[in-house]
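Asks: The primary structure of each chain is shown beneath.
Protein chains: 2
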Amino acid sequence: MKKDTSNKSERDIIKYISNLFRFPADSPVINGIGDDCAVLRKDGKSCFLVTTDTLVESVHFELAWHPPFLLGRKTGAVNLSDIAAMGGQPRFALLNMAFPGSAPSWLDDFLAGFHEILQEYGTLLVGGDTVKSSNDLSITVTIIGEAAEDIICYRSGAVKDDLVFVSGFLGDAAAGLALCQSGLSSHGLGQWQQLIKAHLDPQPQVQLGKILAESGLVHAMMDISDGLATDLAHICAESGTAAEVIKEDLPVSGQMTAAAGKLEKPVLDWALKGGEDYQLLFTVSPDHEEDLCNLVHEKTGQQIFCIGKIIEGQGVFLSDTLQREEVSFQGYDHFTAWKS
Amino acid sequence: MKKDTSNKSERDIIKYISNLFRFPADSPVINGIGDDCAVLRKDGKSCFLVTTDTLVESVHFELAWHPPFLLGRKTGAVNLSDIAAMGGQPRFALLNMAFPGSAPSWLDDFLAGFHEILQEYGTLLVGGDTVKSSNDLSITVTIIGEAAEDIICYRSGAVKDDLVFVSGFLGDAAAGLALCQSGLSSHGLGQWQQLIKAHLDPQPQVQLGKILAESGLVHAMMDISDGLATDLAHICAESGTAAEVIKEDLPVSGQMTAAAGKLEKPVLDWALKGGEDYQLLFTVSPDHEEDLCNLVHEKTGQQIFCIGKIIEGQGVFLSDTLQREEVSFQGYDHFTAWKS
Numbered sequence: 000m001k002k003d004t005s006n007k008s009e010r011d012i013i014k015y016i017s018n019l020f021r022f023p024a025d026s027p028v029i030n031g032i033g034d035d036c037a038v039l040r041k042d043g044k045s046c047f048l049v050t051t052d053t054l055v056e057s058v059h060f061e062l063a064w065h066p067p068f069l070l071g072r073k074t075g076a077v078n079l080s081d082i083a084a085m086g087g088q089p090r091f092a093l094l095n096m097a098f099p100g101s102a103p104s105w106l107d108d109f110l111a112g113f114h115e116i117l118q119e120y121g122t123l124l125v126g127g128d129t130v131k132s133s134n135d136l137s138i139t140v141t142i143i144g145e146a147a148e149d150i151i152c153y154r155s156g157a158v159k160d161d162l163v164f165v166s167g168f169l170g171d172a173a174a175g176l177a178l179c180q181s182g183l184s185s186h187g188l189g190q191w192q193q194l195i196k197a198h199l200d201p202q203p204q205v206q207l208g209k210i211l212a213e214s215g216l217v218h219a220m221m222d223i224s225d226g227l228a229t230d231l232a233h234i235c236a237e238s239g240t241a242a243e244v245i246k247e248d249l250p251v252s253g254q255m256t257a258a259a260g261k262l263e264k265p266v267l268d269w270a271l272k273g274g275e276d277y278q279l280l281f282t283v284s285p286d287h288e289e290d291l292c293n294l295v296h297e298k299t300g301q302q303i304f305c306i307g308k309i310i311e312g313q314g315v316f317l318s319d320t321l322q323r324e325e326v327s328f329q330g331y332d333h334f335t336a337w338k339s
Numbered sequence: 000m001k002k003d004t005s006n007k008s009e010r011d012i013i014k015y016i017s018n019l020f021r022f023p024a025d026s027p028v029i030n031g032i033g034d035d036c037a038v039l040r041k042d043g044k045s046c047f048l049v050t051t052d053t054l055v056e057s058v059h060f061e062l063a064w065h066p067p068f069l070l071g072r073k074t075g076a077v078n079l080s081d082i083a084a085m086g087g088q089p090r091f092a093l094l095n096m097a098f099p100g101s102a103p104s105w106l107d108d109f110l111a112g113f114h115e116i117l118q119e120y121g122t123l124l125v126g127g128d129t130v131k132s133s134n135d136l137s138i139t140v141t142i143i144g145e146a147a148e149d150i151i152c153y154r155s156g157a158v159k160d161d162l163v164f165v166s167g168f169l170g171d172a173a174a175g176l177a178l179c180q181s182g183l184s185s186h187g188l189g190q191w192q193q194l195i196k197a198h199l200d201p202q203p204q205v206q207l208g209k210i211l212a213e214s215g216l217v218h219a220m221m222d223i224s225d226g227l228a229t230d231l232a233h234i235c236a237e238s239g240t241a242a243e244v245i246k247e248d249l250p251v252s253g254q255m256t257a258a259a260g261k262l263e264k265p266v267l268d269w270a271l272k273g274g275e276d277y278q279l280l281f282t283v284s285p286d287h288e289e290d291l292c293n294l295v296h297e298k299t300g301q302q303i304f305c306i307g308k309i310i311e312g313q314g315v316f317l318s319d320t321l322q323r324e325e326v327s328f329q330g331y332d333h334f335t336a337w338k339s
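Protein sequence lines, in the order shown, are assigned to chains A and B.
Residue numbers for the first sequence follow numbering that gives the first Met the number 0, so the first one is 0 and each next one is one higher.
Residue numbers for the second sequence follow numbering that gives the first Met the number 0, so the first one is 0 and each next one is one higher.
Chain A with its partners taken away, still in its complex shape:
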């Protein structure tokens, strides 16, 4: 009987592809489909990390409110974030663009933004492709990074009793998106500046990712692109564990809380299910919590937030003093890269 992929979810497609495309035992692929990056042996000690993302207008971004310069920065940032999530240094980029008709008038601004963020993170554009599309404007970015094989952090390393950390506020990007959609963003300025920036111009945590990976203290790591509930569920699924998140420990910003009030949205939904925060999500043994927090503070001045712990079982659970509910895979509903 013929198999049929119609109505397959992306997770089904990934599973199907992973089964079809297997790796021989002696392959130089240390890690293929199923993490933030593929990991390819480069030389004796170093690996190339490879990640790719496609963004389509009206699905992943809206030119109505996304200034082309910042869109250029963001298309770089979402891929740089995947390199950060494994502890790598981004090195090379490829940029593919498809647009209907001739090159759009804002292309220079877009390229200037893309160039700026690549430069900030020491990444060189080495190739790409520009094609005519039928209707859609779409952009594919591929980034190749590098890391020593023995420091790379995978999703699969979490163990029972690990503490779960995030590197910054959750839900700011979702709030920023909602403000842009509602027309309240007023050109990205004013009282919502931090939220609008989180949506339009997210910062990949490349420096922090390297510090965490090089510390040798982090067991599992990924970036939060599809929302905490979904992304922590990926870590749990890959590690064969469950996680318990403490509702009151979720780090949310004052601006996000205010925006939730203004737009009559639940703060928790944005914090838990809002996508595209591009913060790092990682686990560490409780024995090393203090060392890690001190190291991060010393090297970056940055605070990191403990939001729960790894437990036995399956799934992600959200707890407060009254109840405990499962929230696995309740994240941002967009197809994402083959990282699940």
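You may find that some hints are simply not true.
Note that the list lumps identical chains together, so a pair holds whenever it fits in one copy or between two copies.
[Stated by the list, open to error] Think about it this way: if two alpha-carbon atoms lie no more than 20 Å apart in a straight line, the pair counts; the simulated SDA-like pairs of lysine to any residue are:
{"#": "1", "residue 1": "131", "residue 2": "99"}
{"#": "2", "residue 1": "131", "residue 2": "56"}
{"#": "3", "residue 1": "308", "residue 2": "202"}
{"#": "4", "residue 1": "131", "residue 2": "10"}
{"#": "5", "residue 1": "44", "residue 2": "27"}
{"#": "6", "residue 1": "196", "residue 2": "286"}
{"#": "7", "residue 1": "246", "residue 2": "319"}
{"#": "8", "residue 1": "14", "residue 2": "316"}
{"#": "9", "residue 1": "14", "residue 2": "111"}
{"#": "10", "residue 1": "209", "residue 2": "257"}
{"#": "11", "residue 1": "264", "residue 2": "329"}
{"#": "12", "residue 1": "14", "residue 2": "115"}
{"#": "13", "residue 1": "261", "residue 2": "151"}
{"#": "14", "residue 1": "131", "residue 2": "57"}
{"#": "15", "residue 1": "14", "residue 2": "105"}
{"#": "16", "residue 1": "131", "residue 2": "98"}
{"#": "17", "residue 1": "131", "residue 2": "62"}
{"#": "18", "residue 1": "44", "residue 2": "145"}
{"#": "19", "residue 1": "131", "residue 2": "58"}
{"#": "20", "residue 1": "14", "residue 2": "131"}
{"#": "21", "residue 1": "196", "residue 2": "40"}
Worth flagging that the hints you see were computed from the coordinates, not collected in a lab.
Using the hints provided, position chain B relative to the given structure of chain A.
Replies: Coordinates of chain B only, in the frame set by chain A:
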């Protein structure tokens, strides 16, 4: 004054991007934008070759006549051909797909074809992305290959008096496309089989590319994706030379000549300007012509065709006993990868 990219041709865009994204002198990028692949230093002697192409339905392929299995093979082949063009061994692939709505019912067949061609050329799928589009079905493939640094063939190596060779018939793919467009292909079978196959299921010249590169006799090489007139003009532009092509030496197949008669099209247009033949185009010193032909014949049983020579000046000229006309950049009119 603000620069404006609107109405820029793809060659203008590439020039703009090449100027914006420059490489520092100490970079591990041996070759960036402007050839079939980027060349990145891997270790002391070996390099990674990276190439990427985006194909959009109704622009680069038509599902009306392209069986999904063969489309899967072709999306792999066009990128494998770029690795072949530098003399590399393909190693790793990434596959990005954007489709409107849910996964199409033919996805399994497409993936089976893509899997088959990767396997034939020893290439492993290591990642990708599947996203929802607004309207278009588009596919981006990125392939990473490998080659010893000292054998890689570039477009820029042609020198005066070199002979210009192609690895097989020209215009078969253009004839196959015209037959499919005209409805004469009758499901790809019958008297036009070779032409239909050239269009639907082209064969990347990976083995030949390696033999040519390893011979040390080839000065410049690329694959013919945009038609001989355009692609030879790229070699000439990169090498600072001109080329003279002898009309009667262009290798054309009996089927292609018959199809041109049937469809009342000029044979020469397909041979000179038809895209997507994915044959190799390369130059060699006349002193080594015989050695190279013997080597190729011995190792592959394949014939290669001398079609002209490299001369001083600029441009590509087509000659017969009566006249000599410039035909530079008269190729297939589609946006192509940043290889020009």
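Asks: Work down the list of hints and note, for each, if the structure agrees.
Replies: Right, here's what the structure says about each hint:
1. 131 - 99: both (5 Å within a copy, 17 Å between copies)
2. 131 - 56: Cα proximity of residue 131 and residue 56: in one copy and across copies (15 Å, 10 Å).
3. 308 - 202: neither (26 Å within a copy, 53 Å between copies)
4. 131 - 10: Between copies only: 14 Å across chains, 30 Å inside a chain, cut-off 20 Å.
5. 44 - 27: both (12 Å within a copy, 17 Å between copies)
6. 196 - 286: neither (36 Å within a copy, 63 Å between copies)
7. 246 - 319: within (6 Å within a copy, 81 Å between copies)
8. 14 - 316: neither (24 Å within a copy, 53 Å between copies)
9. 14 - 111: between (38 Å within a copy, 14 Å between copies)
10. 209 - 257: This pair counts as neither: shortest intra-copy Cα distance 33 Å, inter-copy 62 Å.
11. 264 - 329: within (16 Å within a copy, 58 Å between copies)
12. 14 - 115: Result: close only across copies, 18 Å inter versus 36 Å intra.
13. 261 - 151: Result: close neither inside a copy nor across copies, 42 Å intra and 61 Å inter.
14. 131 - 57: both (18 Å within a copy, 10 Å between copies)
15. 14 - 105: Between. Shortest inter-copy distance 17 Å satisfies the 20 Å Cα cut-off; intra-copy 38 Å does not.
16. 131 - 98: Cα proximity of residue 131 and residue 98: in one copy and across copies (5 Å, 16 Å).
17. 131 - 62: both (18 Å within a copy, 17 Å between copies)
18. 44 - 145: both (11 Å within a copy, 18 Å between copies)
19. 131 - 58: Both: 19 Å inside a chain and 7 Å across chains, each within 20 Å.
20. 14 - 131: between (31 Å within a copy, 18 Å between copies)
21. 196 - 40: Neither way: residue 196 and residue 40 sit 36 Å apart in one copy and 36 Å across, limit 20 Å.
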